[in-house]
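All chains should be modelled from the sequences, with the hints used to inform the complete structure.
Letter by letter, the sequence shown follows residues 1 to 112 in UniProt numbering.
Hint data in this document are derived by calculation from the structure and do not stem from the laboratory. One should not assume that every hint holds.
DSS-like cross-link-like pairs, simulated, lysine-lysine; straight-line CA separation at most 27 Å [said to hold, decoys possible]: (1) K16 <-> K46; (2) K87 <-> K40; (3) K40 <-> K16.
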Amino acid sequence: MSTTKVISTAARTVNKRPFRVSIEGNIGSGKSTCIKFFDKYPNVEKHGEPLHEWRNVCGHNLLGLLYSDMNKWTFPFQHYVHLSRLKIQTSPPCNSNITVKMFERLLFEFKV
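Written out as structure tokens, the structure is:
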């Protein structure tokens, strides 16, 4: 197989996957507002921080537990945050028309 065919095949494979965009910033800097701006574009799949998941882990509010005792709950919370972000960022798009997946923060950009 020629180099041109290999590159062409690779380019087609990449084009089938959505372009990924991560919105980064400090608390209150407008990350969620920026993501909401793209609601009018049907080809953009948007993912904010999954607070609802962090507040209901098998009936427990992991976010609340974190704030009640940081020393005890920082590692379990951070681990769960990484798992939930990994699930969101590696999942396939919700439909075949999605060309952009937009996330609030990268997988490894969480620090307590």
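Hints that the structure is at odds with (numbers, increasing): none
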